[in-house]
Structure formats: C-alpha cells, structure tokens
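Colleague: Sequence:
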Amino acid sequence: MNQNKITSFGNQEKIKLKDVWWKLLLSSKNPYALYASPEWFDTVHKLKPSSYVLGISETTDGEVKSIIPFEINDREIIFSAGRTTFLKFGFLSALAMGGEPLGSISAMNYDDIFQKLFEKIPKLDAIFFKCLQVTEPFLNELKIIGEISRRYVHFVERDANKFIFIKFGDSFEEYLSKFKKKERYNLKRQYQMALKTSNNNLRLERITDISQIEFFVKSGKYIFKNSWKSDADESKYIFSDEKTTFYKHLAAKNLFRSYLLIAENEPWAFVLGFQHQNIFHYSNIAFNNKFAKLSPGTVLFYKMMEDLFSRDKPDILNFGIGDSQYKRRFGTDSFVSADIFLFKRTTKILFISFIFKSLIKLKRISKKILRR
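The working numbering puts the first residue of the sequence shown at -18, with every later residue one more than the last.
Derived from the structure by calculation, the hints contain no laboratory data.
Computed from a prediction, not measured in an experiment: that's the story for all the values here.
Ideal Cβ positions, reconstructed from N, Cα and C, are used throughout, including at glycine.
One or more of the hints may lead you astray.
[What the hints assert, rightly or not] In the DSS-like style, the derived pairs of lysine-lysine whose C-alpha atoms are separated by at most 27 Å in a straight line are:
| hint | residue 1 | residue 2 |
| --- | --- | --- |
| 1 | K325 | K104 |
| 2 | K234 | K199 |
| 3 | K274 | K202 |
[Claimed, not checked] Between beta-carbon pairs, the in silico distance windows are:
| hint | residue 1 | residue 2 | range |
| --- | --- | --- | --- |
| 4 | A273 | N246 | 15 to 21 Å |
| 5 | Y203 | R292 | 21 to 27 Å |
| 6 | T41 | Y203 | 55 to 61 Å |
| 7 | L340 | Y203 | 39 to 45 Å |
| 8 | K329 | K(-1) | 39 to 45 Å |
| 9 | E154 | A273 | 27 to 33 Å |
| 10 | S87 | D0 | 20 to 26 Å |
| 11 | E154 | K329 | 56 to 62 Å |
| 12 | Q(-7) | R132 | 26 to 32 Å |
| 13 | Q258 | L331 | 40 to 46 Å |
| 14 | M174 | N246 | 18 to 24 Å |
The whole structure should be built from the sequences, with the hints applied where relevant.
Modeller: Now the structure itself:
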C-alpha cells in the first residue's frame, strides 16, 4: 500500500506538488479538471483555507501517484416529487473537487485516504463525488470500496445525469454546419435584428482581465435585476463581494473568461465562464427581459462561439449537468454521469439511506405505472 495522507495546503506542499500536480492534471480527460487544478485550489484555499484539504497518495520512494483536493461544506439531499418535498437531510460533506481524483491508485489506497479524511474531520458525514462519467474506471473503484468496506454507506443521488458539451472543430462555419439551413439562417437573422435595433451599436465584450471584473459584476447585477432570475438568491451569490474578489483572483491566474452583450451602453446579457487548458466552462447566464423578443441570450451565444473559435480556441465547451433545451440545441456530444456519496456508516445514516432508497424505488414504480 502507498503512503496516504490528508494535509493542509502549506508552502511545503505547494513547492513539492507544483510539477507533479500539473503532470497528473495533463493526463486527465475529466471535463471538470479545472476545479481540481492547482490554480483553482490555490485561489479558493487563499480565500478560505479552513474549508480545503488535500488527499495525497505516494509510493514509499516519495513518488506522488494521486491528488484529491477536497472542499468541506454543508450540503443537503432533498427527495421531492414536483413541488412537494418529502424528505430533506442536511450534513457535512467533503466534495472531491473536479469529481474524480487526479492520477490512479488502487481501491485500498482510496479507502485509506477516505479513512484518514474522516479521522481528520470527526464531524464529517460524507464524501461527495459529483458528475462521474459512468464509464470511468474510478466509478468501479468506488463500487469495490463499497463492497469490501463496512465503513461506508454507498448512496447514488442521481444515476443518470446527462452531460452535454460542444466539441470544437476547425472553424465557426464548421460548427454552424451542424444546424439545418433554416436554423443557421435564423441564428444570423437574430443577430442582424439585434444589430439593427441597437442602431449598429451592439458589441460583445470578452472579460478576462482583473480591470474588467468590476464592470462585469455591475453589468451582471443589472441584467439579473431585469431578468427572469430577478427573484432568485442566485444573483446575490454569484455577484457578491466575496465572489467578485474570487473572480479577480481567477483573472490573475488567466482562468476567467466571461462575456457581456451590450447595446447602446445597456447590458443585454452575460455569460459567466472560465477557461482552463482546453475546456471552456459555461457556468451561468442571464439576459435582460426588456429585450427578450430579440433573443439576447441566443445572440450572445452566437457571438461568443464566434469569439471562442477566433481566440484561444478550446477543444470543449462544458455546459455542466442537465439537458436543458438550449444545451440540446447547441451541444454536439454527451455522456451519462452519476453523483455519488460515501457516507460514514452510522445508525442514523443507515436509517436515512433506507428511507431515501425506498422513496426512490417507490417513485420509479409510480412512473412505470403512470406510463401504462
């Protein structure tokens, strides 16, 4: 077995892991690898060091074989049908940042890391692995851990998430060719209509520099206030003072890449995004309802894709979890993913797990009956 440990991210680890972390990252095919990168981890750790720890597995010779960054936070699992909530369970979790570990080790070594994490944080209830591709070898390692260890309760929150993304080809024109002729015409026509309405004063702003962040946040708040999301707590969160500072840190590390659509100096729409290596992360969107008839969200997406092809082109656009209509419309590829928890085995957890699994089973049976 390797030497496994849970550690805070001090200067010693930062120096020791600098090169090997990048090496493991470059070998990863995980579309969420940004959130497991040393730049991202260093940024969030500086802002809130007590909420982040590292799991490290190395050989007896000191060769690092796997790194797992963890974010410690409160989480809820909710079981609902429609607008009715039947059961809600709050707990302290350790999110494996990026979803899956960097590097590869045996199930026994992963198990040892997880044990040490629970020992280091006694109040911890669960380890959370988000958006794991169902074909990934690590998912099988988790199943093995669940089978060989009596310390955990294995709980799958969602076992059939659809993850839709865009694979970039050689050109924007090639991407547009995936659409039928009429839809290509409509996309261009929507842009031309928006341009005409703005008296040819319509522009796309790429936001990447620290000096642009304050303007982006101010514009984003204005768009949110006039959007379909105006009553959501989301706007207070993604444009909070804390998040503004965070975005500045990311911009300093060349990870921030967002967009604004502005017409006659009035913000119409935004995309909050990040780019790391060859993946652009399409994180959040909103548009000004006043211009809804002009499809500002679609116009922004159209111009954003044109820009992504023309400057620092990624290989993949990550839409994130879910199969919303606009993702199906603009996406080119997809895979199925799962959200998995490893809960510390206690009487309380066993009881809650039994209730949740029973409700899930009942929900599936009900759906089958309704389909008949």
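Colleague: If a hint holds in the structure, say so; if it does not, say that too.
Modeller: Structure-based check of each hint:
{"no.": "1", "hint": "K325 to K104", "in the structure": "10 Å, holds"}
{"no.": "2", "hint": "K234 to K199", "in the structure": "22 Å, holds"}
{"no.": "3", "hint": "K274 to K202", "in the structure": "21 Å, holds"}
{"no.": "4", "hint": "A273 to N246: 15 to 21 Å", "in the structure": "19 Å, holds"}
{"no.": "5", "hint": "Y203 to R292: 21 to 27 Å", "in the structure": "26 Å, holds"}
{"no.": "6", "hint": "T41 to Y203: 55 to 61 Å", "in the structure": "58 Å, holds"}
{"no.": "7", "hint": "L340 to Y203: 39 to 45 Å", "in the structure": "42 Å, holds"}
{"no.": "8", "hint": "K329 to K(-1): 39 to 45 Å", "in the structure": "41 Å, holds"}
{"no.": "9", "hint": "E154 to A273: 27 to 33 Å", "in the structure": "28 Å, holds"}
{"no.": "10", "hint": "S87 to D0: 20 to 26 Å", "in the structure": "24 Å, holds"}
{"no.": "11", "hint": "E154 to K329: 56 to 62 Å", "in the structure": "58 Å, holds"}
{"no.": "12", "hint": "Q(-7) to R132: 26 to 32 Å", "in the structure": "30 Å, holds"}
{"no.": "13", "hint": "Q258 to L331: 40 to 46 Å", "in the structure": "42 Å, holds"}
{"no.": "14", "hint": "M174 to N246: 18 to 24 Å", "in the structure": "19 Å, holds"}
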